[in-house]
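Trainee: All chains should be modelled from the sequences, with the hints used to inform the complete structure.
There are 2 protein chains.
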Amino acid sequence: MSAPLTGHTVRVLVGAEPKRVLTREVPEVRVSLEGVVGDRHAGLTRKADVRTPWFPRGALVRNSRQVSLVSTEELALIASALEVLRVQASWLGANLELSGVPRLTRLPPGTRLFFPEDAVLMMEGENTPCRKAGRAVEPFYPERQALASRFVKAAHQRRGLVGWVERPGLIRPGDAVRVLLPPPVTYSLP
Amino acid sequence: MSAPLTGHTVRVLVGAEPKRVLTREVPEVRVSLEGVVGDRHAGLTRKADVRTPWFPRGALVRNSRQVSLVSTEELALIASALEVLRVQASWLGANLELSGVPRLTRLPPGTRLFFPEDAVLMMEGENTPCRKAGRAVEPFYPERQALASRFVKAAHQRRGLVGWVERPGLIRPGDAVRVLLPPPVTYSLP
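These protein sequence lines are chains A and B, in that order. Residues in the first sequence are numbered from 1 upward in steps of one, following UniProt numbering. Residues in the second sequence are numbered from 1 upward in steps of one, following UniProt numbering.
Heads up, a few of these hints could be off.
Identical chains share a label here; the pair holds if one copy fits it or two copies do between them.
[What the hints assert, rightly or not] Think about it this way: if two alpha-carbon atoms lie no more than 25 Å apart in a straight line, the pair counts; the simulated DMTMM-like pairs of lysine to aspartate or glutamate are:
hint	residue 1	residue 2
1	K47	D118
2	K47	E117
3	K132	E73
4	K153	D49
5	K47	E34
6	K153	E34
7	K19	E138
8	K19	E34
9	K47	E73
10	K153	E28
11	K132	E25
12	K153	E143
Think of the hints as simulated: they come from the structure by calculation, not from any bench. These figures come from a predicted structure and were not determined experimentally.
Mentor: See below:
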């Protein structure tokens, strides 16, 4: 084990409206085994969609995409690649913005994030950037061309992670985050 | 993508008794989002124990250890290392015995197993061998010494996997299994 990997919570957000990407900053979020309480992605199950092509579309499966996380540093890199002043966590529908964890988006599936008030989040994997998230950025820079399509490349390996709640609790801005990587496993055929 | 990784289901088992390791072979198992219906490890939550030292003991966390899987080939290797005739899936409390998937225990976390009647299982990781499982083997070879403690080494990287149900369904002996490995991710500090 090397030095512990840590960061801190910059802001916490909830997306209450069913059809909108946008989330809204709040003073704290409660996470249950269903996800962020009050968020549109909360639920023990979800319907399989384009992100899970191995299931029939619409099949009810366990929800491993309850929570969306981005990092301050990676948002700045996306903004820089798009040549805009900033890209905000709320525009991308994130529930948590963290800072200080290097290459947040590259944390492997199975990584756990520990928060001081009990909450533990398990990372499912990278949130691959799509044009829908890109379109959510466009209204903030109406003078810029083709932001939605440029977003996919600009946000490559920077758009953050999705995951699920492993242990319920509270998360607030300023909370320290401790990162526990899973044991590395390499599978090769004999 | 190389050739698809496949195997088949040799037997399915349920452990109905709360305190016993042993499982019992049945003609089919139904898996729900809680796990194997009727099995003592089923449930959306579990209490944190010695296997999850990063939680306070007894904390209620999401149950990712609903289902236990072993492979015919690895059971034979364990038996050979213990110098006994056989080690049965039921003795180790497994819910599924698969055959034909090379190095089952080494499949990485995030691996999905697809069964023909809808069921999809997500692998959480290796089921590290413990003396408790070893003690469950002892009664079948009363003349052999120290099987429980030798089991831990004999079953190293051979004791199978645990995981959770991602999609409900039915699983029966003879069912084909399709294995989908997760995308490999390497995390390194900048």
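Trainee: With reference to the structure, classify each hint as holding or not holding.
Mentor: Evaluated hints:
Within a single copy, K47 and D118 get their C-alpha atoms only as close as 28 Å, which misses the 25 Å cut-off; across copies the closest is 14 Å, which meets it. For the identical chains of this complex, K47 and E117 are inter-copy neighbours only, at 18 Å across copies versus 30 Å inside a copy, given an alpha-carbon limit of 25 Å. In the homo-oligomer, the alpha carbons of K132 and E73 lie at most 25 Å apart inside one protomer (22 Å), although the nearest pairing across protomers, at 46 Å, exceeds that limit. In the homo-oligomer, the alpha carbons of K153 and D49 lie at most 25 Å apart inside one protomer (22 Å), although the nearest pairing across protomers, at 43 Å, exceeds that limit.
Within a single copy, K47 and E34 get their C-alpha atoms as close as 14 Å, and across copies as close as 17 Å, so both meet the 25 Å cut-off. In this assembly of identical chains, K153 and E34 lie within 25 Å of each other by CA distance neither inside one copy nor across copies; the values are 31 Å within and 39 Å between. Proximity of K19 and E138 under a CA criterion of 25 Å is satisfied intra-copy only: 17 Å inside one chain copy versus 58 Å between copies. Taking the shortest alpha-carbon separations for K19 and E34, only the intra-copy value of 19 Å comes in at or below 25 Å, while the best inter-copy value is 29 Å.
Taking identical chains as interchangeable, the C-alpha atoms of K47 and E73 are never at most 25 Å apart, the minima being 32 Å within one chain and 36 Å between chains. In this homomeric assembly, K153 and E28 never come within 25 Å of each other (Cα to Cα): the closest approach is 32 Å inside a single copy and 47 Å across copies. Taking CA atoms no more than 25 Å apart as the test, K132 paired with E25 passes inside one copy only; the shortest distance there is 20 Å, against 48 Å between copies. In this homomeric assembly, K153 and E143 come within 25 Å of each other (Cα to Cα) only inside a single copy, at 20 Å, whereas the closest approach across copies is 65 Å.
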